[in-house]
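Work out the full structure, taking the sequences as your base and the hints as a guide.
Residue numbers (this note's numbering), protein chains in the order written: chain A, 17 to 127; chain B, 11 to 361; chain C, 5 to 592.
I should point out that these hints are in silico values taken from the structure, not numbers from a laboratory.
Bear in mind the structure is a predicted one, so any value in this text is a computation, not a measurement.
Be careful, since some hints might not be right.
[What the hints assert, rightly or not] Computed cross-link-like contacts, DSS-like style, restricted to lysine-lysine with a CA-CA straight-line distance of at most 27 Å:
{"id": "1", "chain 1": "B", "residue 1": "LYS263", "chain 2": "A", "residue 2": "LYS75"}
{"id": "2", "chain 1": "B", "residue 1": "LYS286", "chain 2": "C", "residue 2": "LYS556"}
{"id": "3", "chain 1": "B", "residue 1": "LYS201", "chain 2": "B", "residue 2": "LYS160"}
{"id": "4", "chain 1": "C", "residue 1": "LYS363", "chain 2": "C", "residue 2": "LYS35"}
{"id": "5", "chain 1": "A", "residue 1": "LYS75", "chain 2": "A", "residue 2": "LYS34"}
{"id": "6", "chain 1": "C", "residue 1": "LYS556", "chain 2": "B", "residue 2": "LYS43"}
{"id": "7", "chain 1": "A", "residue 1": "LYS124", "chain 2": "C", "residue 2": "LYS35"}
{"id": "8", "chain 1": "C", "residue 1": "LYS365", "chain 2": "B", "residue 2": "LYS185"}
[What the hints assert, rightly or not] Partial selection, computed: residues in chain C whose CB lies under 10 Å from chain B:
{"id": "9", "residue": "VAL275"}
{"id": "10", "residue": "GLN506"}
{"id": "11", "residue": "LYS569"}
Even for Gly, the Cβ is constructed at its ideal location relative to N, Cα and C.
Chain by chain, the residues run as shown.
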Amino acid sequence: MKNFGYTINKDRQIDFDKTDKRISEYVREHEPSFNICIACGTCTATCSSGNFTELSLRKIITLVKRGDTKGIQAEISKCMLCGKCFLACPRGVNTRNVIIKISQALEKYNI
Amino acid sequence: MKKRVTIIGGGIAGMETATYLASMGYETTLLEKSNEIGGHLLNWEKLFPTMRLGKDVVNFIDRGIELSKTNVIKNADIIDAKKAGNIFSVKLSDGRTFESDAVVVATGYDLFDARKKEEYGYGIYDNVITSAELEILLTKEKHVLTPTGKVPKRVGFVHCVGSRDEKVGNVYCSKVCCVTAVKQSIEIKEKNPDAEVFCFYMDMRMFGMHFESLYKQAQEKSGVNFIRGRLSEACENMDGSILVKVEDTLAGKPLRMSIDLLVLMVGMVPSEGTKKIGNMLGLNFGANGFLKSQDQHSLSVVSNVPGVFFTGCCVSPRTINNVFADSRSAAIMTASYIEGYPIEKRIAELK
Amino acid sequence: MNYDPFILPFSIGASILILTLILKYGYWIYKLDKDEKIKIVRGFFSIKLFKGIREVFLESLIHRKIFKENALLGYMHMSLAFGWFLLIIGGSLESKIHSHRPFNMPYEPIFFKFFNHNINIYPWADEFKFIMDFLLLLVLSGVVLALIKRVWSRLFGMKKTTKLRIGDRFALISLWLIFPLRFFAESITSGLYNNGGFLTGNAGKVFAYTLPLETLYYPTWWAYSSVLCVFFLALPYSRYMHIFTEAVLIFLRNFGIKSCKVFNAYSKVEVYSCSRCGLCIDKCPLLTSSRIKDTQAVYFLQSVRNKNVKEEKAFDCLLCGRCQEFCPVGIGLNNIRVSQRLDFAPGLQNFNFINPQQKEKATVAYFAGCMTHLTPTIKIAMEEIFKKAGTDYTFIDKDGGICCGRPLMVSGEIMKAHKLIEKNHNLIKESGAKTLVTSCPICLKSFKEDYKLNIEIIHHSQFLLRLVNERKISLNKSEIKAVYHDPCELGRGCGVYEEPRQLLQKTLSLQRIKNEKESSMCCGNSIGGLHVNHVQREAITMDATAALLKYKPELIVTSCPLCKKTFAKNPETGVKDIAEVVVASMRN
Chain A
17 MKNFGYTINK DRQIDFDKTD KRISEYVREH EPSFNICIAC GTCTATCSSG NFTELSLRKI
77 ITLVKRGDTK GIQAEISKCM LCGKCFLACP RGVNTRNVII KISQALEKYN I
Chain B
11 MKKRVTIIGG GIAGMETATY LASMGYETTL LEKSNEIGGH LLNWEKLFPT MRLGKDVVNF
71 IDRGIELSKT NVIKNADIID AKKAGNIFSV KLSDGRTFES DAVVVATGYD LFDARKKEEY
131 GYGIYDNVIT SAELEILLTK EKHVLTPTGK VPKRVGFVHC VGSRDEKVGN VYCSKVCCVT
191 AVKQSIEIKE KNPDAEVFCF YMDMRMFGMH FESLYKQAQE KSGVNFIRGR LSEACENMDG
251 SILVKVEDTL AGKPLRMSID LLVLMVGMVP SEGTKKIGNM LGLNFGANGF LKSQDQHSLS
311 VVSNVPGVFF TGCCVSPRTI NNVFADSRSA AIMTASYIEG YPIEKRIAEL K
Chain C
5 MNYDPFILPF SIGASILILT LILKYGYWIY KLDKDEKIKI VRGFFSIKLF KGIREVFLES
65 LIHRKIFKEN ALLGYMHMSL AFGWFLLIIG GSLESKIHSH RPFNMPYEPI FFKFFNHNIN
125 IYPWADEFKF IMDFLLLLVL SGVVLALIKR VWSRLFGMKK TTKLRIGDRF ALISLWLIFP
185 LRFFAESITS GLYNNGGFLT GNAGKVFAYT LPLETLYYPT WWAYSSVLCV FFLALPYSRY
245 MHIFTEAVLI FLRNFGIKSC KVFNAYSKVE VYSCSRCGLC IDKCPLLTSS RIKDTQAVYF
305 LQSVRNKNVK EEKAFDCLLC GRCQEFCPVG IGLNNIRVSQ RLDFAPGLQN FNFINPQQKE
365 KATVAYFAGC MTHLTPTIKI AMEEIFKKAG TDYTFIDKDG GICCGRPLMV SGEIMKAHKL
425 IEKNHNLIKE SGAKTLVTSC PICLKSFKED YKLNIEIIHH SQFLLRLVNE RKISLNKSEI
485 KAVYHDPCEL GRGCGVYEEP RQLLQKTLSL QRIKNEKESS MCCGNSIGGL HVNHVQREAI
545 TMDATAALLK YKPELIVTSC PLCKKTFAKN PETGVKDIAE VVVASMRN
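The structure is reproduced here in structure tokens:
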């Protein structure tokens, strides 16, 4: 009795049992500071590309951690790697490397 | 001969410790570098969570000093402090030396210099002030005005300025700023009922008794708006108001707004006096620059030098009721040390 | 004509070596760009050829740059290189004079003492004996030092010395044996035929008492020849390839060929020119502050040569340029590091959303840079100064602009970077400016190297000095004791050392410090070090800060927003950018 009749419309929830954690694991392995993000949003607030587009690093990191990776590739390719987020992060996340690792993982797993 | 204790630092921590040590019969000297005792609390109008007057607590502590007959020395500029054998000597610049059998360090905290976080504009734009400056405005004024003399239509509070921030070198939480922000936002609404008040936070640390209900009161009765998002930078508009850039993380979108008065919740850093006295006496410093206790749980007022105890914010950020508890505990431990209680033995067993 | 079978190993080895070198170098030069090949031809028939010869003499033989850094190391390299070179020249002269022929077999000078027992009869015999022995002694002293350096590198003031691979080991051991064997061969010969100088002659006399000269005589010459053969065969597979490649590099560089961020044939020449002297190791802040021991330039070049570059090592470099500055061979180490990052960079890119417009026109274009927006005092100071001086300027990225592209470049994303460069380039062109002033040294280096702007590109410190010299603004002198920190990208990166100092000296009491200008220490927060974590950076920052605070300044001045943010962390002394200092001085 798992599917409560929602067979026509897919539910919006993050089904954590089923989401794809490979990207998250790849990034965790290669850039450990990925773990210490507290999603404060300073990175997104200061983002150079954020002036022109919807790129939100906080959102990308949070969704990657949850395994919900749809549409991330299009967003992350807007990053200019300028480094303002790195300079603003209060936790010391190596944001630029996190972005590069996420891109590498997306390419590797063909998402 | 009567046993003597020197207490370095005339804020509320030092004062309360002095009161109890003096009342226990020790010859107690309280050294304070400025020309009044009471420390930072002198500049605080109302205290969380009950909004009672800070003045009441100051008077209570002052009374304690009066009743205990502590020897209070103001304008004391300490140039040396050392231990020879079992006797401590603290030397002042005017030549006086105070010898004692124990020393209590209560040198407290300084506020984080918000100029170091220059992207927030303190010291650059007129309408950016710190929480301490706001508190003074709250004690003096009927209505709160911006530094440029306007009545603010929007007031913004920025949490965690100089705390939890690896980029300025302070990674710890300063404990009291979140609840202070809530308190001050309620006060602003009382003084300027037509103003809109916003709090930009990373987390809401409402750990103490009644803190959570204060938070709820701020939302419910005062209509304060809480936005989860940490400020990345602030700029100045043509009219002098501050334009803040933040990501509204809960809504998932970047947000900008013009604020007439921006208040930075500056954290606590170890004071200059703490560093100076700590180095003179050979005390250990912890990772964040505060003084290090022998044991975080059971010996928080005991230092690595036998006979030197500490209390108050020189060890870590504390609330006022913590400071009362600390100071009385420091008084007891100092007294028992002087009376010969083998603290060292107990410490050794802990390891 | 003199001949003996023992010369065969030497001759075969030498021939194979020469052939290998001609093929290798020929192939690399063939692989260069058409423009670069034209530069070679032009340069060959110009004064640049002589400049090249002069530099080869000074650096490949005398190793002047190594001498400047570390005298003992310099002597070691010089005695081996220059000593051997002179031995060859001396030997050739010797054999030509003796045989009265202008051309001899190449092995004749090498084995001169074997073929010519009775040398006392020809002109300058005594002088040659002395000179050849003296040179042999010189080289032997170098060999001894090299041996010592292997086991006791601290004597050379070096904390670490380079590790060896198998090709290196063969070449190293054979190289070490060459001159001792020559010494033995010549001494034993002298012991038998008395044709040695002060060194070999006397040694020969001693050996006559202690060793069976007749039995050893022929085998030692065989050994000498064989060891030379092993060395020649191992050379192209070892670090000693640098002996010849360095000369090729010097000529190519003098002809105008430059190192490049994409790995090309010139980069290959650079890689093989590394003599593994190890000077780069101790200069690296990752070693001295963060204890990372395996990413320094010498090891990295080794991995490039062996085609096993690890991704972390490619990104584990701050690109601060200290190694490059002190490399005696002048290899473009930063560019080679970046060139290896290209392979690991993902290819995703989409900058179509950026369509900026530049409406204002002015004579001066001011580009603050991304980082400067996080240090607003700098851009506010610049605007105030522009207004006071009456400069006709336009602030290109006033409301936050497009990144200059250098962070993408140094991460290996060269294609992506060029897309941003194109957009910024158009903005700057549209402004019609004749001068581009920027507050960020990273942007400065990018504009100079990667953009093709035909206008003047300067840093704000240079512009401010100009304003002062043209009397558009005036500064008050104060006695504040200050130290100036040279940012990596402005100093080593763009060569701007003097103008900031000249400007500061007009208004502060500037102190000189030990690690300044080319030796300045990296603040730790460079955009090049993608893989360096924040604990490692913190260590570098602390060391760099301590080096400045040692002079107990009242103020630290720098000219880079990243450096400013990094040094502002320290609780002791305030940090200001040059623009802020100028503004404060103007106002008084």
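Status of the hints after comparison with the structure:
Simply put, B/LYS263 and A/LYS75 have alpha-carbon atoms about 9 Å apart, close enough for the 27 Å limit, and the pair holds. Only pairs whose Cα atoms come within 27 Å are accepted, and B/LYS286 paired with C/LYS556 is accepted, the gap being roughly 17 Å. Annotation: proposed proximity of B/LYS201 to B/LYS160 holds, straight-line Cα distance about 14 Å (limit 27 Å). A C-alpha spacing of about 45 Å is found between C/LYS363 and C/LYS35, which places the hinted pair above 27 Å, so the restraint is violated.
Distance restraint check for A/LYS75 and A/LYS34: the Cα-Cα separation of roughly 20 Å lies within the 27 Å cut-off, and the hinted pair is therefore satisfied. Between the alpha carbons of C/LYS556 and B/LYS43 the distance comes to roughly 25 Å, so the proposed pair stays at or under 27 Å and holds. With a C-alpha separation of about 33 Å, the suggested pair A/LYS124 and C/LYS35 falls outside the 27 Å cut-off, and the hint is violated. Of the supplied pair hints, the one linking C/LYS365 and B/LYS185 is violated, its CA atoms being roughly 51 Å apart against a limit of 27 Å.
Restraint check, C/VAL275 versus chain B: the minimum CB separation of about 38 Å is more than 10 Å; hint violated. Proximity of C/GLN506 to chain B is violated relative to the hint, the smallest CB-CB distance being about 26 Å (cut-off 10 Å). For C/LYS569, the suggested interface contact is upheld, since its CB lies about 7 Å from the closest CB of chain B, less than 10 Å.
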